[in-house]
Amino acid sequence: MSNYQVRPATLRDAKAIAQIHTASALEAYRGIVPDDQLKAMSSVEKRQAYWREAIEYCEPQVHVAIDGDKIVGFVGFDRSRDEKSRQTTGEVWAIYAAPSHWNKGVGVTLWDAAREGLQEEGCTNVTVWVPLRNERALRFHEMAGFKREMSTAKTTPVGGIKIEEIRLKRPLN
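Residue 1 is where the sequence shown starts when you use full-length UniProt numbering, and the numbers rise one by one after that.
These are calculated hints, taken from the structure and not from any lab test.
One or more hints might be untrue.
Derived pair list, reagent style DSBU-like, types lysine-lysine, alpha-carbon separation capped at 30 angstroms [said to hold, decoys possible]:
| id | residue 1 | residue 2 |
| --- | --- | --- |
| 1 | K84 | K104 |
| 2 | K15 | K84 |
| 3 | K162 | K70 |
| 4 | K147 | K169 |
Here are the simulated distance ranges between beta carbons [as the list claims (entries may be wrong)]:
| id | residue 1 | residue 2 | range |
| --- | --- | --- | --- |
| 5 | R136 | D82 | 33 to 41 angstroms |
| 6 | R86 | K39 | 37 to 45 angstroms |
| 7 | E53 | E116 | 20 to 28 angstroms |
| 8 | G31 | N173 | 31 to 39 angstroms |
| 9 | E116 | Y50 | 20 to 28 angstroms |
| 10 | E45 | R136 | 22 to 30 angstroms |
| 11 | R148 | K84 | 17 to 25 angstroms |
Quick caveat: nothing in here was measured; it's all calculated off a predicted structure.
No residue lacks a Cβ here, since even glycine has one placed at the ideal position from N, Cα and C.
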C-alpha cells in the first residue's frame, strides 16, 4: 500500500506541520470559505506556534507521516474534547496530508497510527468534527468506517465566518 513511516512529532517538526496544515486547509476550504477569510487563516507562524505547544504538552498527541526524509502529513489525536463524552471516547483533532500527497495513502497511514494510539490510551470509540461542505474529508472518514451523527450538527465561528460542522463516530475495534 504505502511506504510512509509514522512517528511522534518533535518540536523541530512544528514548522513543517504548520506549512502542511496551511497549504492543505487553503486547498480544502477553497470555495467553502471566502477568499479573504482563507487569506486571514494562512499564517504559518500562528499555526507553528499552536503545533509547537501541542507537541510540547502532548495535547493533542501529534504524529507525522514521512516520505523519505520529508514530512507529508500529520495527525493530532487525544481524548474527546466534547462535553459529556465518555472517558473512553477519543477524538481525531486534526488530520492533514500535503496536497501533493492527497489520494496516495498518507491519510490512511495517519488514521491507522491514531487508531492504535487511541486504543493504547484505552479508548473504545473515536469521533471527528468535519465541516459539512468538506466533501473530501467526509468521504475519507466515511470510508474509514465513521458514521455521521446528524443530531450533532453545529455552527462554529472560523475567523469572521461561521462553518457548519458535524461529528462522525466509529468504534475503534
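Each hint tested on the structure:
Straight-line distance between C-alpha atoms of K84 and K104 comes to about 36 angstroms, which puts the hinted pair past the 30 angstroms bound. For the given pair, K15 sits about 34 angstroms from K84 by alpha-carbon distance, which is inconsistent with the 30 angstroms threshold. For the hint linking K162 to K70, the alpha-carbon distance of about 34 angstroms lies beyond 30 angstroms, and the restraint is violated. Proposed proximity of K147 and K169 is supported: the alpha carbons are some 5 angstroms apart, at most 30 angstroms.
One distance hint, 33 to 41 angstroms for the beta-carbon pair R136 and D82, is violated here, with the actual separation near 23 angstroms. For the pair R86 and K39, the supplied restraint of 37 to 45 angstroms holds, since their beta-carbon distance comes to about 39 angstroms. A beta carbon spacing of about 24 angstroms between E53 and E116 agrees with the range 20 to 28 angstroms that was offered as a hint. For the pair G31 and N173, the supplied restraint of 31 to 39 angstroms holds, since their beta-carbon distance comes to about 37 angstroms.
Checking the proposed 20 to 28 angstroms range against E116 and Y50 shows it holds: the Cβ atoms sit about 24 angstroms from each other. Look at E45 against R136: about 26 angstroms separates their beta carbons, and that is inside 22 to 30 angstroms. Here the CB-CB span from R148 to K84 is close to 19 angstroms, well matched to the stated 17 to 25 angstroms.
Going down the numbered hints, you'll see the structure goes against 1, 2, 3, 5, while the others check out.
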